[in-house]
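Asks: Take a look at the letters that make up each chain.
Protein chains: 2
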Amino acid sequence: MSDAAFALDPRLKNDTRHVASLDLCDVLLMNDARFPWLVLVPRQSGMVELCDLSAAHQTLLWQEVTRASQALRSLDAFDKLNLGALGNIVRQLHVHVVGRREGDAAWPGPVWGSGAATPYDEETITSRLQMLRTALK
Amino acid sequence: MSDAAFALDPRLKNDTRHVASLDLCDVLLMNDARFPWLVLVPRQSGMVELCDLSAAHQTLLWQEVTRASQALRSLDAFDKLNLGALGNIVRQLHVHVVGRREGDAAWPGPVWGSGAATPYDEETITSRLQMLRTALK
Numbered sequence: 114m115s116d117a118a119f120a121l122d123p124r125l126k127n128d129t130r131h132v133a134s135l136d137l138c139d140v141l142l143m144n145d146a147r148f149p150w151l152v153l154v155p156r157q158s159g160m161v162e163l164c165d166l167s168a169a170h171q172t173l174l175w176q177e178v179t180r181a182s183q184a185l186r187s188l189d190a191f192d193k194l195n196l197g198a199l200g201n202i203v204r205q206l207h208v209h210v211v212g213r214r215e216g217d218a219a220w221p222g223p224v225w226g227s228g229a230a231t232p233y234d235e236e237t238i239t240s241r242l243q244m245l246r247t248a249l250k
Numbered sequence: 114m115s116d117a118a119f120a121l122d123p124r125l126k127n128d129t130r131h132v133a134s135l136d137l138c139d140v141l142l143m144n145d146a147r148f149p150w151l152v153l154v155p156r157q158s159g160m161v162e163l164c165d166l167s168a169a170h171q172t173l174l175w176q177e178v179t180r181a182s183q184a185l186r187s188l189d190a191f192d193k194l195n196l197g198a199l200g201n202i203v204r205q206l207h208v209h210v211v212g213r214r215e216g217d218a219a220w221p222g223p224v225w226g227s228g229a230a231t232p233y234d235e236e237t238i239t240s241r242l243q244m245l246r247t248a249l250k
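As given, the protein sequences belong to chains A and B, one line each in that order.
Our numbering puts the first sequence at residues 114 to 250.
Our numbering puts the second sequence at residues 114 to 250.
Misleading hints may appear alongside valid ones.
Intra- or inter-copy, both count: the list cannot distinguish identical chains.
Okay, derived cross-link-like pairs now, SDA-like style, lysine to any residue, Cα gap no bigger than 20 Å in a straight line [as the list claims (entries may be wrong)]:
#1 K250 - R214
#2 K193 - D145
#3 K193 - L135
#4 K250 - S158
#5 K193 - N127
#6 K126 - G226
#7 K126 - L242
#8 K193 - R204
#9 K250 - R130
#10 K250 - R204
#11 K193 - D122
#12 K126 - D192
#13 K126 - R214
#14 K126 - R156
#15 K126 - D145
#16 K193 - H209
#17 K193 - W225
None of these hints come from the bench; they were simulated from the model.
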């Protein structure tokens with residue numbers, strides 16, 4: 114379910130690593146070891162707001178968000194899930210799925226705009242990507 | 114579609130005014146004149162995460178979020194819609210629908226945790242509530 118004209122926004126590409134391609138969305142891991150943080154991007158060009166997606170794609174998007182949330186939770190214990198679709202900086206439609214722990218680097222505020230990312234080391238991110246791919250199957 | 118045991122969280126009640134009751138959610142207007150800002154709360158007790166809702170209720174929730182977004186957009190021009198389900202402070206499941214304008218009080222950051230609310234005056238909020246109720250019909 115891909116749109117031939119779709120291309121991932123360069124900023125999202127730069128900040129993340131590709132985990133998996135689900136039916137509608139690419140699942141990306143934010144390269145920020147401070148938070149367990151996935152980003153889902155529907156592979157449809159020109160989408161900005163959720164309502165730009167067809168009703169069927171909106172339903173599928175939220176199903177894939179639930180699936181990604183469960184995968185994230187299978188890796189890490191966290192106290193609260195944060196979901197967000199903002200797009201104030203990157204307009205390409207994307208949904209954040211973030212596991213939050215009481216006392217984490219931004220608690221109880223939102224993660225967006227809260228300081229600089231702490232990149233994973235290569236070994237850790239490779240292992241996380243692998244575990245996420247298994248969990249998403 | 115209400116749960117007899119459901120009661121709105123006192124903090125949400127204090128920060129908002131009731132707009133309308135849709136099939137699943139109560140639609141509330143955040144009493145903060147800085148942003149066009151609705152909050153949707155499914156009238157189901159004990160819900161914290163989106164996945165606590167049944168699949169059917171999740172679908173209905175996002176339909177009602179779309180409907181609320183359209184009502185908000187019919188009142189105000191804005192550049193980007195922000196959707197968020199955080200719950201780090203108030204655990205009762207609720208979804209924020211916020212119209213963002215370039216250069217607004219929190220732009221391009223998120224509205225959550227960005228300074229103190231500026232309450233509407235009574236005349237303005239009464240008129241906005243009325244317009245929102247009409248737009249939601």
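Asks: Each hint: holds or not?
Replies: For each hint, the structure was consulted:
Taking CA atoms no more than 20 Å apart as the test, K250 paired with R214 passes in neither setting, with 26 Å inside one copy and 40 Å between copies. In this homomeric assembly, K193 and D145 come within 20 Å of each other (Cα to Cα) only inside a single copy, at 18 Å, whereas the closest approach across copies is 25 Å. For the homomeric pair K193 and L135, neither the shortest alpha-carbon distance inside one copy (24 Å) nor that between copies (26 Å) is at most 20 Å. In this assembly of identical chains, the alpha carbons of K250 and S158 never lie at most 20 Å apart, being 26 Å within a copy and 32 Å across copies at closest.
In this assembly of identical chains, the alpha carbons of K193 and N127 never lie at most 20 Å apart, being 27 Å within a copy and 23 Å across copies at closest. Within a single copy, K126 and G226 get their C-alpha atoms as close as 18 Å, which meets the 20 Å cut-off; across copies the closest is 28 Å, which misses it. In this assembly of identical chains, K126 and L242 lie within 20 Å of each other by CA distance solely inside one copy; the values are 15 Å within and 41 Å between copies. Taking the shortest alpha-carbon separations for K193 and R204, only the inter-copy value of 9 Å comes in at or below 20 Å, while the best intra-copy value is 26 Å.
Taking the closest pair of Cα atoms, K250 and R130 come within 20 Å of each other only inside a single copy of the chain (18 Å); across copies the shortest separation is 43 Å, beyond that limit. Proximity of K250 to R204 under the C-alpha cut-off of 20 Å is found in neither arrangement, the shortest distances being 29 Å within a copy and 30 Å between copies. Taking the shortest alpha-carbon separations for K193 and D122, only the inter-copy value of 17 Å comes in at or below 20 Å, while the best intra-copy value is 28 Å. In this homomeric assembly, K126 and D192 never come within 20 Å of each other (Cα to Cα): the closest approach is 28 Å inside a single copy and 24 Å across copies.
Taking the shortest Cα distances, K126 and R214 never come within 20 Å of each other, neither inside one copy (26 Å) nor across copies (26 Å). Taking the shortest alpha-carbon separations for K126 and R156, only the intra-copy value of 13 Å comes in at or below 20 Å, while the best inter-copy value is 39 Å. In this assembly of identical chains, K126 and D145 lie within 20 Å of each other by CA distance solely inside one copy; the values are 13 Å within and 35 Å between copies. Both within a single protomer and between protomers do K193 and H209 lie at most 20 Å apart by alpha-carbon distance, with minima of 13 Å and 16 Å respectively.
In the homo-oligomer, the alpha carbons of K193 and W225 lie at most 20 Å apart both inside one protomer (16 Å) and across protomers (16 Å), since each shortest distance falls under that limit.
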